[in-house]
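Asker: Here the protein sequences come in this chain order: A and B. Here the first sequence stands for residues 1 to 392, numbered as in the UniProt record's numbering. Here the second sequence stands for residues 1 to 248, numbered as in the UniProt record's numbering.
The hints are simulated quantities; they were obtained by calculation from the structure and are not laboratory data. Where a beta carbon is used, it is the ideal one built from N, C-alpha and C, also for glycine. Worth double-checking, as some hints may not be accurate.
Sample of chain B residues facing chain A (criterion: CB under 8 angstroms; computed from the structure) [what the hints assert, rightly or not]:
#1 Gly64
#2 Thr67
#3 Glu68
#4 Ala76
#5 Ile186
#6 Lys197
#7 Lys198
#8 Leu200
#9 Ile203
Next come the chains, spelled out residue by residue.
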Amino acid sequence: MRPDLFEAPDYYNLDELLTDEHKLVRDAAREWVKREVSPIIEDYAQKAEFPTEIINGLAEIGAFGPYIPMEYGGAGLDQISYGLIMQEIERGDSGVRSTASVQSSLVMYPIWKYGNEEQRQKYLPKLASGEWIGCFGLTEPDHGSNPSGMVTNFKDMGDHYLLNGAKMWISNAPFAQVAVVWAKNEEGRIHGLIVERGMEGFTTPETHNKWSLRASSTGELIFDNVKVPKENLLPNKSGLGAPLGCLDSARYGIAWGAIGAAMDCYDTALRYSKERMQFGKPIGQFQLQQKKLAEMITEITKAQFLTWRLGVLRNEGKATSAQISMAKRNNVDMAIHIAREARQMLGGMGITGEYSIMRHSMNLESVITYEGTHDIHLLITGLDITGLNAFK
Amino acid sequence: MKILVCISHVPDTTSKINFSEGDTKFDTNGVQFVINPNDEFGLTRAMWFKEKQGANVTVVNVGGADTEPTLRKALAIGADAAIRVNTQATDGFSVAKQLANVIKDGAYDLVIAGRESIDYNGGMVPGMIAGLTQANFVNNCIGLEVDGTSAKAVREIDGGKETVSTSLPLVIGGQKGLVEESDLRIPNMRGIMMARKKPLTVIDPIDASAETTSIKFEKPAPKGAVKLVSADNLDELVNLLHNEAKVI
């Protein structure tokens, strides 16, 4: 892959709305991605392997639980800092960002918010330092957009719970030490359970042959009469609202991350358009190429401001799930369109691993599907504005 | 050992350079600022002294409040304290006088400055502060070790290196070689959070007027079109170099 020459677009001087600390956090993550992720990521994506060598670095730059309080090993940063870190990591690769999102929002967040003090002390510092990697089990083979239909269940056996069922499309599953698993009790109420690798009957087969998020490891979680200690139940919240609270946090991070992927594609295409000569002039001088580039920077700028505002609302504790859905849906769609247009601008070079665009384009096919599909987020907005439920 | 690292706040090397006010001022609009690379090599070496020899590291900058993010970054990387002399940096001599005042007040054993800043490339400040504080001075320094009050410094010279022994107090004009680019540190999140609690002291400048004033800046002339000469037409090439380019 070529050297990473990325220069971030900031057409409306959004930087002036960020604090010095936000910029320090963002620039540190940006520098780290340039130094540690860009030189290796294409090879790992081609091999379909997760680059385990960057786990320590991810922990160092605060990608694991940046908003978790320092007493639990987090960095105690605000939501905009969290978003900026996700943006920078996804600028490198959506798969790497997925690992960070899962660890922060889907594993550390529920243990922090719904766990008791012993659980926080036991798990959060090790997850923040990257010593342990976690995963999140909600989606099932037959229950994707409809998680409330889940069949994974646990029975109270007196001194332990007995867990049965299966989860699918789980990022980090093949190597995670810890899984936060959502399952129904005997009354049909959804609870979170912390399942650890090594518990008898718990296996995590890897999902092979993905054409997307190839540098991220995906698998299944299979529970065959797994005995889960009672102290591993997350006590402070139950019902579907509990996992959806985690998804709010993760989707918020994805909204930022998608901007990163879009910025990388735009920056690559802009540079290429000034260097690539056809008919005796740079292709950037042709109107059709300028149209593509001008539309890209317009959409990126709109997304930056939408998402910055969402960050302010998150910091104030006022962002609604529906607002987060709108940003996730808009930004990922924006990014996938920019990736496709940028790919066209690079012609044949755009399909090779010399450039990051095709990798982003393929990655975004997962990002537009996971954590609520493109269509489901539209229905969330529809429900929010009409008060009428189109899901059923 | 008390170390003072002088930090210049300079435009990123990828910045587009423009001038304003009739080409008399540098136009900072849209320019990203960074720690001067020569200073960053010095700061990284200072971190080594802090970790291996228990040195205390202060960073200093002469500039307005807009330079504070650069000092915060140095604190996040690991410096213990920061000082900002609250005045605009004008010429080398006025900056050197402000820094010399800070050095005398703080009784630093070792002052690490970059050999030159990459904005105005004056390259005068390290030598001037050594003169003003009557400290030993090694310029173009590419290696430094300190043992007690004696120091061994490696200096880049034409075609090679020179190793010199000297003693503290010492001022060095540092550059790449003090550490390598791969040693440069990215602030980690814990460092950024710790930097919130570290002191950044703003001090008033002493009276030190500039001895020189910039009158005008000019950018290099844009590159002209390339003329290709066929490989078997050497006479034409010689003719063009002689009569048109006038270089031979």
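Asker: Against each hint, give a clear statement of whether it holds in the structure.
Answerer: For each hint, the structure was consulted:
At its closest, the beta carbon of Gly64 (chain B) sits 14 angstroms from a beta carbon of chain A; the interface hint therefore is violated under the 8 angstroms criterion. With 8 angstroms as the threshold, the beta carbon of Thr67 (chain B) stays out of range of chain A, its nearest partner Cβ sitting at about 11 angstroms, so the hint is violated. With its C-beta approaching chain A no nearer than about 7 angstroms, Glu68 (chain B) sits inside the 8 angstroms limit, and its interface hint holds. Contact between Ala76 (chain B) and chain A, as hinted, is supported at the beta carbon level, the nearest pair being about 6 angstroms apart and thus within 8 angstroms.
Interface restraint check for Ile186 (chain B): the shortest CB-CB distance to chain A comes to about 5 angstroms, inside 8 angstroms, so the restraint holds. At a threshold of 8 angstroms, the smallest CB-CB gap from Lys197 (chain B) to chain A is about 11 angstroms, leaving the interface hint violated. Restraint check, Lys198 (chain B) versus chain A: the minimum CB separation of about 13 angstroms is more than 8 angstroms; hint violated. Evaluation of the Leu200 (chain B) hint against chain A yields a violated restraint, the C-beta minimum of about 11 angstroms exceeding 8 angstroms.
With a cut of 8 angstroms, the hint placing Ile203 (chain B) at the interface with chain A is violated, because the nearest CB-to-CB distance is about 20 angstroms.
The structure fails hints 1, 2, 6, 7, 8, 9 (numbered hints given earlier, in ascending order).
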